[in-house]
Structure formats: structure tokens, C-alpha cells
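There are 2 protein chains.
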Amino acid sequence: MWKGIIDHYREFLPVSDRTPIVTLNEGNTPLIFGKNISSRLDGKFKLFFKFEGANPTGSFKDRGMTLAISKALEEGSKAVICASTGNTSAAAAAFAAQAGMKCMVLIPNGSIALGKLAQALIHGTIVLAVDGSFDDALRVVKEVTQKYPLTLVNSINPYRLEGQKTAAFEICDSLEGRAPDFHFIPVGNAGNISAYWQGYSEYFKLKKSDRLPRMMGFQAAGAAPIVEGHVIEKPETIATAIRIGNPANWQKALSTKEESKGLIDKVTDQEILEAYQILAHDEGIFCEPASATSLAGFLKLHHQNFFEDRKKEETLITLTLTGHGLKDPDRAIKTAGEPHVIKPRMEEVIKWM
Amino acid sequence: MWKGIIDHYREFLPVSDRTPIVTLNEGNTPLIFGKNISSRLDGKFKLFFKFEGANPTGSFKDRGMTLAISKALEEGSKAVICASTGNTSAAAAAFAAQAGMKCMVLIPNGSIALGKLAQALIHGTIVLAVDGSFDDALRVVKEVTQKYPLTLVNSINPYRLEGQKTAAFEICDSLEGRAPDFHFIPVGNAGNISAYWQGYSEYFKLKKSDRLPRMMGFQAAGAAPIVEGHVIEKPETIATAIRIGNPANWQKALSTKEESKGLIDKVTDQEILEAYQILAHDEGIFCEPASATSLAGFLKLHHQNFFEDRKKEETLITLTLTGHGLKDPDRAIKTAGEPHVIKPRMEEVIKWM
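Keeping their order, the protein sequence lines are chains A and B.
Numbers in the numbering used here are just positions in the first sequence, counted from 1, shifted up by 1265.
Numbers in the numbering used here are just positions in the second sequence, counted from 1, shifted up by 1265.
Worth flagging that the hints you see were computed from the coordinates, not collected in a lab.
The structure displayed is predicted, hence computed values, not measured ones.
Cβ atoms here follow ideal geometry from the backbone N, Cα and C, with glycine treated the same way.
There's no promise every hint is true.
Below, in silico cross-link-like pairs of lysine to aspartate or glutamate (EDC-like), each with a Cα-Cα straight-line distance of 20 Å or less [claimed, not checked]: (1) A:LYS1608 / B:GLU1408; (2) A:LYS1407 / B:ASP1396; (3) B:LYS1412 / A:GLU1612; (4) A:LYS1268 / B:GLU1408; (5) A:LYS1608 / B:GLU1339; (6) B:LYS1268 / A:GLU1612; (7) A:LYS1367 / B:GLU1613; (8) A:LYS1300 / B:GLU1524; (9) A:LYS1367 / B:ASP1396; (10) A:LYS1343 / B:ASP1547.
Sample of chain A residues with no beta-carbon within 10 Å of chain B, all distances over it, derived [to be verified]: (11) LYS1300; (12) ASP1438; (13) ARG1610.
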């Protein structure tokens, strides 16, 4: 019986017999073979999507949160706090509820997706909508935790990235020890790319995988501080989950890029939305817009002939889809249009066939 | 590597080597121990929630749809059609997209949850919003499939229930062969309760489980035709997924009730919303309102001392949570209220601590 990532990967995580495990049976998410997209690429590439939307709160954040909340409980903390573009607050709210801890989340007012707002609210969390950006919210949260005994559960909390690295373990396990050649991943607050790298590196050292992938991070063009090399004061992108101008894990992401011989690049909102629709139309996968950044990045590089030197080898690509499309229903409807209204008669249906 | 329910439970399903498998790696969903609710019930009950919201399209419908679409493809069908309160259309749209088949869905206009509408639209399906109820939509769809060569993928398609029975297999596997004493489940179109019963029965016959559970089905009070014993012309409930007045699998549900010595009862919208909030507040589980019908049913019977004769035994209860809370974000926000808006300053946060 799958009992969550701490139970399954205990030996790789900073827990002991004294750690109370707070879990929603997160992890164990599907690695979906992108059959249709792969077959259009002349058989040279095998694309696998790590669909993190299948986690209990609908995003990869559950992996880090089970560990952060379990450790906070072990250390006697009574309350947790975080800033969030939506996915972190959803996970914090759910795991804190399960642990019986108080929880406070700060979100940028008016700019998180509807589903994520619903998640923050439904678990009984105190939800504060800050007149400002995510970066403002994170700054305030840091100030609060320096003065008051709340545990910070943003990804500067080291347990978060320790939990998130298990997604890389699962990929290698799913592929029976064959690590990917390239791993594509969206970059927002920039913690997840280094968490995956840590996971791949630990597994490789233990000979549980056969190679190290190159880590390919992608930011949204309007919120690409790492690519531009400076803080973005007013980040703008439809990919709200990665609308961050001053990433907390900036330096870690740069180290990951260098160590893995990878890159950190950017894609436009239009490229993101195209990839978002390709996933839905061609593979039946509905992810949130920010998630599609990974496929948009791959397609951009593919069009640029980036992979030309790999002509003769089959290349195994994994792409993280960070969150479920249900997180942001408005974007889907805006993208796809409204339904056609008809009377309940067969003739009316036939007109549309 | 988990490759979906057909791959994993192939020997129990009507597939052959010629069946092309259309899968999104559905199934393998978490069975979450309801630690906090169970501990409040004096140690007499162990409640486990089968969280079907962790399926790729966020509901249990994926289990039946992988089989229905795979078989339709095997049989040479080019297009599928269904009526839906939302979850079936989401699954049909996604699996048809993966299969490269045309898909048409009929939904009751204005009364499906926002997330489900987004799902139907994003996969490139033809979405027709019928001025009428789900029952009207199903009637029209049946007429269309009698005249035109589209495959009907509502649960009157026998492959749907065959796929859905795998949830019962997974529960027995998760509990290492210990089947539950009671299984609680929402009843709408009434197919799932008989699918679970079929699954439990097949496993028991093969000695893969140690007992047969009593199947406890619950309808919403405003849409309870099976309980009332007659068709409901205008079904009304906030649990939109089970807002059905003339269930397609009515007789099967009654047989299941009798064979399993179970029952089919009803709960009010208020009881459903209470259970919905208990799950979110106490266990950190966010399901759609209709899903909470199973817990509402258990709590109703518990208050009525239904389980009194089991005083001395520990009773193992499983409850199906059919779909993710993200399917219906509006209901969550309506239930939980709006966030507090603040300026990005520490003093403002401290006021709310």
C-alpha cells in the first residue's frame, strides 16, 4: 500500500522514528508517455510527462509539504506560514489541516488562479490577499517568521526541496533505472529544478540510475529574472504559478544549470499557451498553463535544432507538468471558447456532427 | 511502472492482445486513512477514503473511460458521444483526445461545475449545452446513437462498469486482502455502486479478499429517485455530479443493495456540505460536494446508532470520494468565504494571527 513519499523513500529523507508522518498519500504520480507528440518527432525522441497534477492537492508542492509539515510537528511548532502564487498555499493548507496545525497564507491579491484560491480557503486557513506581488508577500512572511514562532514553509525551508527530489526518484524507478537524457521543468521560485537535480544525483551516486540528465529550466518571458540576470519588479505572465520576479532559489538554480550542463531559458506566453493546447488536444493531458512551460521549452529548442548532434541516438526526455489544469479553469475556458447551447432534440445535435 | 488499470488488471478485463490501450495511467489512486475522523469515533471504526480525485481527469470516470475508449478504437469507431453532469464528459474528452477520436458531449446548460466545463472544452471536444436536465441530454444521446455510428460512452456502455470495478480491486490490494466491512458510495446514475460490488465479488470468489462488504449507497435528498421509488422530474442538489432524476443503472443498484445486504438512502444538501467541510478541515482532503455524500451517509447512520451491534469489533469502512474539489471551485469559495485583503506590511499580518 502506497503511504506517501516519506514512507516510500524514508532512507533518503531527514526523518527518524520520532518524526510524526503527516501525509495525504502524495507522490506515486503517473509518468505518462507522450505517444502522439513523440510519434510526430520522427521516432528520435521519447517524451514522458511527469504529471504532478495527480497529487492530492493537484501539484508537486505536496512532496515538499508532507516533509515540511511533518518536521514542523516534530519540532513542536503550532503554526505555519507561507507566501504563495497558489500551489504552495493549497498544499500548506491541506497538510496543516491534516496535522491539526494553524496555517496562514499570503497570496498576491487578484492574481492567483480560481482553483488555488478555493483550496487555500476550504481547509480553514487564514488567507491574506496582499495588495502587491508574490515577492512582496514573501518579504513580509520572512519578516514575520524572524519575529514570531511560526514555521516558514516556503521553499527556503530546506525540507521542502528534500521532499521534492523524490519526483526524480520516481522517474528513475518508473523507467527501471534509465534516467532521462534531458529533463525539462518550469522555473518560478526556482527550487524545483535543484530539487530534481539533487534527486537525480543521489540516485546516480547509489547506482540506482544509469546517467545524469541535463536540467533544462524555462521561465515565462515576462517573469524571467534568471535569464535576464536581474530582478523583475513587475513580473507579468498568464502562467501565474511562476509569476515571480525575485526567486528565492536563484543561486541554487544557477548551480544546477552549471553542474548538469543544462540551461535556463525563457518562452513567451504564446508559446506556453500553444504547448498547453497541444497537451490537451493531442495527449488528453490537462495541466495548468505554467506546467506547459516545460513542453514549450522543448519545442522551442527542437525548432532551433538544438538536438541536432543527437541525430542517431534515441533521446529520452522527461518533462515535469507541475500542476493540474483544474487549478485555473478560467484560462481553459478563455482559451477554448464557450459551449454551443441547443434544445434537447436529436436534430439539434446532428447539426453539429 | 504503473501503466493504467488495463495493464495492471488485464486478466480481469475484456481485452485481448488486439485491443489498443488508450491510457492516461489512470487508477492507482491513494487510499487515505481518515486518521482524525476515525480517532474521534472512539477507536471503533477505521475510515479509509478512496480518493478518486487523484485520477488524471480528477474523477473515478477515468477507470471506465480507458476501457470504453480502447474498445471503441478496437471496434473501429471514429467518434464517441455521451451525456454528462461533467465528470464523464471530462474523461471522454481526455481519452478521446489521446486516442485521436472525435468526441461530442451533451451537458445540462448552466448546471455543471466550472472546472468540468473547462475540461470538456480544452480537449477540442464538441460541447453542446442542452436547455434541460442531464436526463434530457441522456435521452437525446441515446436517440442519436440508435441512428448514427457514434459509440455511446455513458455507463450503459458495459465496458465502463468493467473498468470502474478496478477501484474495488485496488482497495483490497491496498489493504492486503482485507476487504472492508462496509463500503459507502454516492449514487447518481447508479453505475458505480454495482461496479464496486462486481469488483469485490470477483476478488472474493478468487480468494484475493477475505470478505464481502455491505454496499451503502447514498443519494442527495433532492435527487433521490431510487430512495423515493419514482423518477424525479426536476432533481435539485448542490451535488451537481449526482443531480440525476432517472438513473440509467437503477435496477443494477437495487440488485447490489440486495445481494450485499446493503442499503440505498439519502442525505440532505446541508449534511453533504457539512461532510465536505469536515473532510477539508479535519483531514486536509478537498473533494467535490457530491463525493462528500459518502461521508455524510456514514455520519447519518452513525448518529442513528446503526452500527450498535458492532460494538466490540473494529469496523473497517471504506468511502469513495468520486472527484476532486477543484472540479467545483465556486462551491468552495461560497462555503468558505473570501480572503482578507491587506497591505504588504508585517503589522497587517500580525493583526490576523
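Hints, one by one, checked against the model:
1. A:LYS1608 / B:GLU1408: 14 Å, holds
2. A:LYS1407 / B:ASP1396: Measuring from Cα to Cα gives roughly 52 Å; hence the hint is violated.
3. B:LYS1412 / A:GLU1612: 11 Å, holds
4. A:LYS1268 / B:GLU1408: Violated - the C-alpha atoms of B:GLU1408 and A:LYS1268 are around 46 Å apart, more than 20 Å.
5. A:LYS1608 / B:GLU1339: 33 Å, violated
6. B:LYS1268 / A:GLU1612: 40 Å, violated
7. A:LYS1367 / B:GLU1613: 18 Å, holds
8. A:LYS1300 / B:GLU1524: At roughly 43 Å apart (the allowed maximum being 20 Å), B:GLU1524 and A:LYS1300 break the hint.
9. A:LYS1367 / B:ASP1396: At roughly 45 Å apart (the allowed maximum being 20 Å), B:ASP1396 and A:LYS1367 break the hint.
10. A:LYS1343 / B:ASP1547: 16 Å, holds
11. LYS1300: 7 Å, violated
12. ASP1438: 8 Å, violated
13. ARG1610: About 7 Å separates A:ARG1610 from the closest Cβ of chain B, which leaves it inside 10 Å; violated.
Hint violations for this structure: numbers 2, 4, 5, 6, 8, 9, 11, 12 and 13, all remaining hints satisfied.
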